[in-house]
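**Student:** Okay, here's what each chain looks like letter by letter:
4 protein chains.
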Amino acid sequence: MARSRNVLESRNTMIKVGIVGGTGYTGVELLRLLVLHPEVEIAAITSRQEAGRAVADIFPNLRGHLDLVFSEPDVERLAACDVVFFATPHGVAQTSVPALLERGVKIIDLSADFRIRSVPLWERWYGQPHGCPELVKEAVYGLPEWNREHIREARLIACPGCYPTSVLLGFLPLLEAGIVDTGDLIASAASGVSGAGRQASIPNLLAEASDSFKAYGVSGHRHLPEIEQGLADIAGGEVALTFVPHLLPIIRGIHSTLYATLTDADVDLQALYEQRYRDEPFVDVLPAGEYPQTRSVRGSNYVRIAVQRPQNRRKVVVMVVEDNLVKGASGQAVQSMNILFGLPETLGLDAPALLP
Amino acid sequence: MARSRNVLESRNTMIKVGIVGGTGYTGVELLRLLVLHPEVEIAAITSRQEAGRAVADIFPNLRGHLDLVFSEPDVERLAACDVVFFATPHGVAQTSVPALLERGVKIIDLSADFRIRSVPLWERWYGQPHGCPELVKEAVYGLPEWNREHIREARLIACPGCYPTSVLLGFLPLLEAGIVDTGDLIASAASGVSGAGRQASIPNLLAEASDSFKAYGVSGHRHLPEIEQGLADIAGGEVALTFVPHLLPIIRGIHSTLYATLTDADVDLQALYEQRYRDEPFVDVLPAGEYPQTRSVRGSNYVRIAVQRPQNRRKVVVMVVEDNLVKGASGQAVQSMNILFGLPETLGLDAPALLP
Amino acid sequence: MARSRNVLESRNTMIKVGIVGGTGYTGVELLRLLVLHPEVEIAAITSRQEAGRAVADIFPNLRGHLDLVFSEPDVERLAACDVVFFATPHGVAQTSVPALLERGVKIIDLSADFRIRSVPLWERWYGQPHGCPELVKEAVYGLPEWNREHIREARLIACPGCYPTSVLLGFLPLLEAGIVDTGDLIASAASGVSGAGRQASIPNLLAEASDSFKAYGVSGHRHLPEIEQGLADIAGGEVALTFVPHLLPIIRGIHSTLYATLTDADVDLQALYEQRYRDEPFVDVLPAGEYPQTRSVRGSNYVRIAVQRPQNRRKVVVMVVEDNLVKGASGQAVQSMNILFGLPETLGLDAPALLP
Amino acid sequence: MARSRNVLESRNTMIKVGIVGGTGYTGVELLRLLVLHPEVEIAAITSRQEAGRAVADIFPNLRGHLDLVFSEPDVERLAACDVVFFATPHGVAQTSVPALLERGVKIIDLSADFRIRSVPLWERWYGQPHGCPELVKEAVYGLPEWNREHIREARLIACPGCYPTSVLLGFLPLLEAGIVDTGDLIASAASGVSGAGRQASIPNLLAEASDSFKAYGVSGHRHLPEIEQGLADIAGGEVALTFVPHLLPIIRGIHSTLYATLTDADVDLQALYEQRYRDEPFVDVLPAGEYPQTRSVRGSNYVRIAVQRPQNRRKVVVMVVEDNLVKGASGQAVQSMNILFGLPETLGLDAPALLP
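Those protein sequence lines, which keep their order, are chains H, C, B and Z.
Just so you know, we're using my numbering here: the first sequence kicks off at 1 and counts up by one.
Just so you know, we're using my numbering here: the second sequence kicks off at 1 and counts up by one.
Just so you know, we're using my numbering here: the third sequence kicks off at 1 and counts up by one.
Just so you know, we're using my numbering here: the fourth sequence kicks off at 1 and counts up by one.
Just chain H, with the same shape it has in the complex (with noise of 0.2 Å):
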């Protein structure tokens, strides 16, 4: 096979991209987002497992689209980058981020570590020491749609979890019109299993998760207190979430159905959600009585949205959908970066889903 012209070009005024801990499914998904994005050159991809291997290898499908080879997270050459995207399990980024920081690299964060404001409150859910606490308040919560203008200006990013984008999209314009009980909300959602990460396990095994379905973390699931943090900010006070996550026999996308009672019936919610959304180049409400698909979203950074008040009665049912390694991960931290060095918002993002 002749080389693909993205692996040979590479032009100086490139933004030089790190990635830590690449052999995960965010991790692969940075990949195959960033060779195609044309104003990126991807500097270093370290895994401290898979050092000397090459990425393509273990990742087949970007044969022909990368040379890299897998190097041991090395501060001196993720240093040498404009940027460092982490897709590496929670506890590793807080131990490596102000050494970058202090060496002028931006940092996108896509684990757990900076997302919570409330460092008590992530030690309590994470049950480790926080190993960065004077960072946390600086860390731009990286959600375009809530948040583009900090992250502008944002030195270190940390990109929500892959359910809190959904649930948190989908609340948005019922809690900015403060029309809902806030202390009734509920998010019933459905996610494929790449979220469960590339991780040897019996109970993610094609023979136990395939033609099936199931609830799971309904005592607790550490995504909870991220999407009540994101939710108080948005409704201006304090909210009470009911979150039950589920486990679909799918490989990607998330379903996020949402319930909250209204407190005003007045309200034209279908004119609501379209006006909020008007202007974002990856939130698509769908006209009404249609139903997002996850499949509509498969491989994209989009997120497709419907707003439903079965009976007419006082609940208001939100449907969302996205692709949790693309808008729920990888695609949401490249377009941070977009935000970040002054490029068109959508850059490398555009693709449609794939579908069927």
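Calculated from the structure, these hints are not laboratory results.
For each residue, glycine too, the CB sits at the ideal point set by N, CA and C.
Just so you know, not all the hints are guaranteed correct.
To be verified - Residues from chain C that face chain B, not an exhaustive set, calculated with beta carbons under 7 Å: (1) M1; (2) Y25; (3) N61; (4) R63; (5) H65; (6) V69; (7) K106; (8) A177; (9) V283; (10) D284; (11) S296; (12) P352; (13) L354; (14) L355; (15) P356.
Said to hold, decoys possible - According to the in silico footprint, chain B covers these stretches of chain Z (three or more CB under 8 Å from chain B): (16) 34-45; (17) 180-192; (18) 237-249; (19) 254-266; (20) 284-293; (21) 308-320.
With chain H fixed as given, assemble chains C, B and Z onto it according to the hints.
**Tutor:** Only chains C, B and Z this time, still in chain H's reference frame:
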């Protein structure tokens, strides 16, 4: 292949069974269960469209188990049966039931024809006049865990729908105990595609429905009035349910996630559920902290239920799984037949689920 | 949930069964089949790793069907059984079988330990010395359709592998008739992922193995020497097989597509197959022109076979489906047990496949 | 949602593209590829059945990417295009192509109408008279790896079928080298269900086709004469192929497992394949010992190939994967368009596969 013995043997004392509409999924599922039932002889199976064709031609899993040929839906032939199952779309049983009842045949109707006691309500949701309103009152709603004694005496049993079975069994202990706000019940449910029946359709193609997830029928699903009627019966008063069904990319299985607000915060929910279902042969309350998976009931007549109260707040979450074709349809119909004929309730229904 | 009756009842005359290695898929499948077997009492099930844990904790489909707890693999306890099934990885049965045989226990080994008569060949393919070479000759290859009379008299039965069962049954009529070139046989086979066992592994995650298809083991799969031995036994001489297994994104099912070159062009292939398997309870030769589907045997002990001669050329194509966990493993083991104990061969095995 | 920029921009120098029959899977796949193609403007897309309906209504992945409405298949509108793709069932292009060619429009036909050079052969396999036999000879078979120079000069390109593309590219190095017995070639191939098109059908329902696998069309699949014609062209003489297609429970992807008998035992097969495809941008020969997976090409125009010689015997096994909708249809059509218009061959086609 040598014939299985059950094809050949037949005792005079056996229950002679007829099935009307045997080409859909509830039809083949009835056959799968009944060919192994030790007290049943399948005497007739009808299909206008496939009359004359061997049943095993259409359903290759039945090759060697059943020698029957589809016949025209002929009253004389059906009148020679002890019991006739209707596995037909709504509107069919209505027209045939009176003649069979007159001939002393018991009727177990898997369709929606006799489930809703209010004829005008039925006519509004099903968009047609009811063909046999005089029998609606007599029909017994065939949910044994609620209605066992009436089933025993019935001439005409209306089998519950697949969603209603799971939602009713999930809410039942809470409603009987009177400890939740009946004006704000939510059922976020998900069904495998076999629930949509064996009809050619683009949206249910593997290429469309697999690797995806979506809600549907939020503005009004025909199971809503049936569920609300059942909930009101149990609660002894008005209820309001928000019902959101979703389509799962699996063949069989329903998972209902139910939400209610506790009015009594001191109840021991785990004990309540275990107590209520202690003597039920087909309802399994899981140990505290476990989650039901649809695969754990695949192909079986069991329902598995778990109950949780996240963060110890006022919202209770109930999770229920069933196989929509078994406990949600044909298995429950056979369970009613067993009750009706004084047989052990589990006869022919005690096979464990197929796992993995 | 009330216990099923089969948990409670136990007759003295029942066959006492032990299972070694009950935490894998062939183990749980043995349990699923045996809890309904009318002549069997499950006396012991061992697992070094899970000793003390309830079986139904790991396999939720067995809740209510089985009260057993995993025990340490203790010879005394096993020696009290009439028959012990080994559902273990290769290398385990070898070390335990002699002591049990000495105590008069019959052995049905689902592993590869006693399948290959040439000890050096076994040692080359399995990469370790054989722990019990003296019993290899005595072991009877448990393929009833080929070997029924020897099974009846055996002390030690080596159950065929999943691929070998389908390939041998598919080629058998051609080889017995002596009408194909035995030096050029091809088996292009595909298996569901349960064939890879219940082991944590990245390649078998749903996120990796679903929505995909690949070949594997082309350079040398351990079932190749077993199949070639069986084919040579049937053919009465040397054979050469090209064996290419593939991984299907389904849970259960093997489909083998077999290719051979006819040396006699005048044979009626359909009649040959129907004639050969006319009296076999578990082998179904489909009508001419029909195609076997793996779902038509899902969860059942049946094998379905079709034979075609495309374009009326010299190449014959045989298609065989089986459930790899039933006829390819645990069901075939129970079939051998029935033969061994003089029971009707189909006892406990005559359930139709789960379709849809 | 703000419109993507590619919806708005349009340069005069762009290639004006028309698509006839845009409601099937090859149609939507053309749209997915072309909305991102930097040198293309989609000028018209026709559908008799859906005329007047927005394309994005039917294909929700295209919302925001395409403002077009399906139009009646009108010659005038199509004649204003530079190139028209036919994504229609066979029999349609035949009737429209002459008028468009006359108007100077280039034609890229994804259907079977112009693939087979022998009109009587075409008529026998497709069961109808050919509507435009005079153009069959002129049509160029659009397999760039075999035929690139002729594509460059063509007016009418007949895109290869999905199975033929994989089988021809797999056998090509062996046949060009003249080292296999051309009288005994076997293609055991498997396709995802999107290959069956977007038609309502019971056998392709998720409830029927998922969790299963089967062969079909063994007695005679319409791709057989097309493949044999291509193989004979490459071999420079008669060939005989046994072709067995199978249906995979996945959406996209073809895996062809090819078998041939070596007449020259000394060849270095790995080197032969690497050498042959060294300069091909879309054909990737895997390192020795690796296996191609369909997911490694999902949504991409790449073909990945591996070659093995099991047990060092005379049989060579070639494994080929492609995405049946991309390299097997619409991607290959765009590749031909690029060649035809003197663009870089990979333009708009160099996205990596979607993995996981």
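**Student:** So, for every hint listed, does it hold in this structure?
**Tutor:** Evaluated hints:
For C:M1, the shortest C-beta to C-beta distance to chain B is roughly 4 Å, which falls under 7 Å, so the interface hint holds. Interface hint at C:Y25: satisfied, since its Cβ lies 6 Å from the closest Cβ of chain B, which is below the 7 Å cut-off. Look at C:N61: its Cβ gets to within about 4 Å of chain B, closer than 7 Å, so that hint holds up. About 6 Å separates the beta-carbon of C:R63 from the nearest beta-carbon of chain B, less than 7 Å, and the hint is met.
Hint on C:H65 holds. Least Cβ distance to chain B is approximately 5 Å, under the 7 Å limit. Nearest Cβ of chain B to the Cβ of C:V69: about 15 Å, over the 7 Å cut. The hint is violated. At about 25 Å, the closest approach between the beta carbon of C:K106 and any beta carbon in chain B exceeds 7 Å, and the interface hint on this residue is violated. The criterion of a C-beta within 7 Å of any C-beta in chain B is not met by C:A177, whose closest approach is roughly 19 Å, and the hint is violated.
For the restraint placing C:V283 at the interface with chain B, the shortest Cβ-Cβ distance is roughly 6 Å, inside the 7 Å limit, so the hint holds. This hint holds: C:D284 has a C-beta 4 Å from the nearest C-beta of chain B, less than the 7 Å allowed. Taking 7 Å as the C-beta contact cut-off toward chain B, the hint placing C:S296 at the interface holds, the least distance being around 4 Å. Because the smallest distance between the Cβ of C:P352 and any Cβ of chain B comes to about 5 Å, under 7 Å, the interface hint for this residue holds.
A cut of 7 Å between beta carbons decides the hint on C:L354: the least distance to chain B is about 5 Å, and the hint holds. Interface restraint check: C:L355 against chain B, minimum CB-CB distance 4 Å, threshold 7 Å, status holds. At its closest, the beta carbon of C:P356 sits 5 Å from a beta carbon of chain B; the interface hint therefore holds under the 7 Å criterion. Here the stretch 34-45 of chain Z counts 0 residues with a CB under 8 Å from a CB of chain B, which misses the bar of 3, and the coverage is violated.
Counting residues of the stretch 180-192 of chain Z whose beta carbon lies closer than 8 Å to any beta carbon of chain B gives 4, which meets the minimum of three for the stated coverage. With 7 residues having a beta carbon nearer than 8 Å to a beta carbon of chain B, the stretch 237-249 of chain Z meets the requirement of three or more and the stated coverage holds. Counting residues of the stretch 254-266 of chain Z whose CB falls under 8 Å from any CB of chain B gives 4; the rule of at least 3 is met. Check result for the stretch 284-293 of chain Z against chain B: holds, 4 residues qualifying (beta carbon to beta carbon below 8 Å, three or more required).
A stretch counts as covered by a chain when three or more of its residues have a beta carbon under 8 Å from one of that chain; for the stretch 308-320 of chain Z and chain B the count is 7, and the coverage holds.
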